[in-house]
Amino acid sequence: MAGAVVDMALGKMSEYTFREFTLILNVGDEVEVSRNTLRLLLSFLKDVDQKPRYQHSELIQEWVSQIRSLAYDIEDVVDEYTLRVGRLRRKCSLKCIANLPTRILARYRLAKSLQCINKNLQEMSKHASELGIQGIPSSSLSPIKDTNLTLRDDVAEDVVGFDHDIQVITDQLRDLHHFQDKIIQKCGGLPLAIVVLAGLLRRKHEAYEWSQTLERISHAPNKTDDRTHKILALSYNDLPHHLKSCFLYFAAYPEDYVIDSGRLMCLWIAEGFVGSDLESQTMEDVAEMYLIELINRCMIQVGIRNKMGGVGYVRIHDLLLDLARYEARKLNFCRSIRDKGDSTDLRRLSITDDEGVHQYTSLGFSIPKLRSLLCLLKYDVDMPSKSMIHGSKFLRVLDLQRVYIESLPSEIGDLILLRYLDLSFSVVKKLPSSIGNLCHLQTFILLGKDFRIPSSFWKIQTLRHFMVDSPIEPKAGCCLKDMHTMWDVQSGEWVRDSSLERMRNLRRLGLYIISSSDSKGLDNALGRLNRLVWLEMRGEALPANILCSSNHPHLRYLDLRGPLERLHMDNVHHDAPFLPNLAILILYGTRLESDDVSSILPTLPNLERLTLKDEAVVGSVLVFPKGGFPRLQDLSLWTIQDLEEWRVEEGAMPCLRVLRVWDCSSMRMLPEGLRGLTQLKLFDLHGMPVIKRRIEKEAGEDYYKIQHVPSIKIKD
-16 MAGAVVDMAL
-6 GKMSEYTFRE
4 FTLILNVGDE
14 VEVSRNTLRL
24 LLSFLKDVDQ
34 KPRYQHSELI
44 QEWVSQIRSL
54 AYDIEDVVDE
64 YTLRVGRLRR
74 KCSLKCIANL
84 PTRILARYRL
94 AKSLQCINKN
104 LQEMSKHASE
114 LGIQGIPSSS
124 LSPIKDTNLT
134 LRDDVAEDVV
144 GFDHDIQVIT
154 DQLRDLHHFQ
164 DKIIQKCGGL
174 PLAIVVLAGL
184 LRRKHEAYEW
194 SQTLERISHA
204 PNKTDDRTHK
214 ILALSYNDLP
224 HHLKSCFLYF
234 AAYPEDYVID
244 SGRLMCLWIA
254 EGFVGSDLES
264 QTMEDVAEMY
274 LIELINRCMI
284 QVGIRNKMGG
294 VGYVRIHDLL
304 LDLARYEARK
314 LNFCRSIRDK
324 GDSTDLRRLS
334 ITDDEGVHQY
344 TSLGFSIPKL
354 RSLLCLLKYD
364 VDMPSKSMIH
374 GSKFLRVLDL
384 QRVYIESLPS
394 EIGDLILLRY
404 LDLSFSVVKK
414 LPSSIGNLCH
424 LQTFILLGKD
434 FRIPSSFWKI
444 QTLRHFMVDS
454 PIEPKAGCCL
464 KDMHTMWDVQ
474 SGEWVRDSSL
484 ERMRNLRRLG
494 LYIISSSDSK
504 GLDNALGRLN
514 RLVWLEMRGE
524 ALPANILCSS
534 NHPHLRYLDL
544 RGPLERLHMD
554 NVHHDAPFLP
564 NLAILILYGT
574 RLESDDVSSI
584 LPTLPNLERL
594 TLKDEAVVGS
604 VLVFPKGGFP
614 RLQDLSLWTI
624 QDLEEWRVEE
634 GAMPCLRVLR
644 VWDCSSMRML
654 PEGLRGLTQL
664 KLFDLHGMPV
674 IKRRIEKEAG
684 EDYYKIQHVP
694 SIKIKD
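Heads up, the sequence shown stops at 699 in the working numbering, and the numbers go up one at a time, no gaps.
What the hints contain is simulated information worked out from the structure, not anything from laboratory work.
Note that the Cβ used here is the ideal one computed from N, Cα and C, for glycine as well.
Hints are supplied without guarantee of correctness; some may be wrong.
Pairs of lysine-lysine, BS3-like flavour, derived with a Cα cap of 30 Å [unchecked claim]:
id : residue 1 : residue 2
1  : Lys503    : Lys609
2  : Lys442    : Lys376
3  : Lys369    : Lys290
4  : Lys352    : Lys290
5  : Lys352    : Lys95
6  : Lys361    : Lys290
7  : Lys361    : Lys323
8  : Lys102    : Lys313
Distance windows between CB atoms, simulated [as the list claims (entries may be wrong)]:
id : residue 1 : residue 2 : range
9  : Arg511    : Leu42     : 57 to 67 Å
10 : Ile278    : Thr661    : 30 to 40 Å
11 : Ala459    : Arg658    : 54 to 64 Å
12 : Arg511    : Thr661    : 40 to 50 Å
13 : Thr661    : Pro608    : 42 to 52 Å
14 : Glu476    : Val285    : 40 to 50 Å
15 : Asp337    : His691    : 52 to 62 Å
16 : Pro536    : Asp325    : 46 to 56 Å
17 : Gln105    : Asp433    : 35 to 45 Å
18 : Lys503    : Glu633    : 37 to 47 Å
19 : His691    : Cys462    : 55 to 65 Å
20 : His537    : Leu665    : 50 to 60 Å
21 : Glu338    : Ser533    : 49 to 59 Å
My request is simple: use the sequences and hints to build the entire structure.
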């Protein structure tokens, strides 16, 4: 865990703002000494991590604890410095002669603090050799990847398909087979122990590694000698230091809490747990890798899948939560408001009920080093707005979900280190103009109604995620090049003046109240937003060309609600497939010509779910052509009033499993082609009395078309 703190300290000294200020104030030499010494200590800590904690002497454990404290000291120095100079820059340019004394004082304080810390760091480096700790170069540590337990990928390519090679595979399996009795014995048949141990062993590829792991369970000390607790502790100790930080973050959450994975990853990023050295990888990509790795190690569980089958929500088992809380308290990583102890060095505070909120607001002292305040409440609780900060000027995370406040204090603008602000269900009506001073803010969430955002907010160029549930129109001319998520934003002048077009990193966009005057700007923007994964648009004039675009290779979810402009197929280039990775398409009231539906949608190569609703299609005949919709699994036709005849040609929708036909009142009969849908498992009909009579069991003249379907649901 000390390694994770050192990593965060190194990250602090690499942040752009800090590099810029140290260059201006000429204290780069001391920063470089700190950085180099921390890197050396990090290599020593990796050596320490090779052994379980119970095998370390008290001296080594104290050495690790002191390194963690020094790394925290560096974080404090960097944050204090960034805060001071950031406020100075707001008041006046650093080049201003009037600020020369303040600049000199800031330089002196920073240099003096770093000199003192560097002296201690170098002493700790000498002690490492005396304690017999050897450094491990970072290049020797392999990156996270999903590996196969029984057969390595490089071996599999050479052995599959030959008799001799089958014997090789059999021998490899036999090497591991004799471990089964030991595993059963160690786990005592307890489900959680089995699952977590499996997650631990899946990353071990040699028999001796399995043997060592099982031996460590036998020798691991535990007061209750409980098998499950030993296995859980061993699995935690086996985590690389960056995953330990992510795991310990669950200590902030109450029991049985279903955690939004998207918000969790944004929190990890705001805390500094996540970085990315590759241009092709964003911090969000890396955070998702960390999340999947914790799931694969069975340290957390998938709670709810999202619409595309990804991880929407996660949860943690009560025993693993107890472990996270125990380790977090011991390492001063995170505490609950109910935990007793000195708050002087408290860095993360969790509040999970109304009593905790009242306890926090009644504190008669400040929490000077607090970085994160997490209010994870199930019910709305009042909090005086001026009580939320408590002198915690270093706050990076302020999560005020369900904290009942109508306005934020203007002092919020002093928290210039803040990266994450969540005001969900807080009934905030107005934000102070000082919020524009939050020059490092990455994530802003406000789920509520009838609130206003000041124009100063749109000056924050570090914004990555903006999520609201009441349409807000961004300011025209805003420059948000790092934006990844814009949810529930209103179209308007900012779309017409190319502000949207400049957001080239957008992955998720929910754009509403689109008018015909936005058409040109929106069309230009969509042509350049080629990293979109998720897109929702609602309005009175939606761009139809998005349906036949070859410029959106990553788009997987598309939801269009409102009339589409006329589709001009003459201007469409057919040299590349349309929307090659689109999996889910929802069309509501789009009034798309049935001929266009028949010619475009069936060609989408990876479409799995299609919903056509409320005059999504106009025309009396709809044809699904031969070979069309090759991967479609779920089809819904709802209230398409003009549709009289639906034809399904041979070979169309070969993978269809679910078919819903609701309130298509003009349809005269079901298509003959339904007989060929051999994978169909559910047919759901609603509000269509003519069709209902035609498919009555045995007596209905169209019953033979669906008689092979295992589940048939019919409602008036």
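We went through each hint and held it up to the structure:
Pair hint Lys503 plus Lys609 does not hold up; C-alpha atoms about 36 Å apart against a cutoff of 30 Å. For the suggested pair Lys442 and Lys376, the alpha carbons sit about 21 Å apart, so the restraint of at most 30 Å is met. For the hint pairing Lys369 with Lys290, the CA-to-CA distance comes to about 40 Å; that exceeds 30 Å, so the pair is violated. Taken as a hint, the Lys352 and Lys290 pair is broken in the structure, with Cα atoms around 40 Å apart against an allowance of 30 Å.
Distance hint between Lys352 and Lys95 is fulfilled; the C-alpha atoms sit about 20 Å from each other, no more than 30 Å. This hinted pair checks out: Lys361 and Lys290 have alpha carbons roughly 24 Å apart, not beyond 30 Å. For the suggested pair Lys361 and Lys323, the alpha carbons sit about 23 Å apart, so the restraint of at most 30 Å is met. For the proposed pair Lys102 and Lys313, the alpha carbon gap of about 27 Å is at most 30 Å, so the pair holds.
Judged by the Cβ atoms, the range 57 to 67 Å given for Arg511 and Leu42 holds: they are separated by roughly 59 Å. A C-beta distance of roughly 34 Å is found between Ile278 and Thr661, which places it inside the suggested range of 30 to 40 Å. Checked against the given bound of 54 to 64 Å, the beta carbons of Ala459 and Arg658, roughly 56 Å apart, stay inside it. Checking the proposed 40 to 50 Å range against Arg511 and Thr661 shows it holds: the Cβ atoms sit about 43 Å from each other.
A C-beta distance of roughly 19 Å is found between Thr661 and Pro608, which places it outside the suggested range of 42 to 52 Å. The hinted window of 40 to 50 Å between Glu476 and Val285 holds, with their beta carbons roughly 42 Å apart. A hinted range of 52 to 62 Å for the beta carbons of Asp337 and His691 is consistent with their spacing of about 57 Å. Evaluation of the 46 to 56 Å hint for Pro536 and Asp325 yields a pass: the beta carbon distance comes to about 54 Å.
For the hinted restraint 35 to 45 Å between Gln105 and Asp433, the CB-CB distance of approximately 58 Å leaves it violated. Separated by about 43 Å at the C-beta atoms, Lys503 and Glu633 satisfy the suggested range of 37 to 47 Å. Between His691 and Cys462, the C-beta spacing of about 58 Å keeps the proposed range 55 to 65 Å intact. For His537 and Leu665, the Cβ-Cβ distance of about 31 Å falls outside the hinted range of 50 to 60 Å, so the restraint is violated.
In this structure, Glu338 and Ser533 meet the distance hint of 49 to 59 Å, their C-beta atoms being roughly 57 Å apart.
Hints 1, 3, 4, 13, 17, 20 from the earlier list are contradicted by this structure; the remaining hints agree with it.
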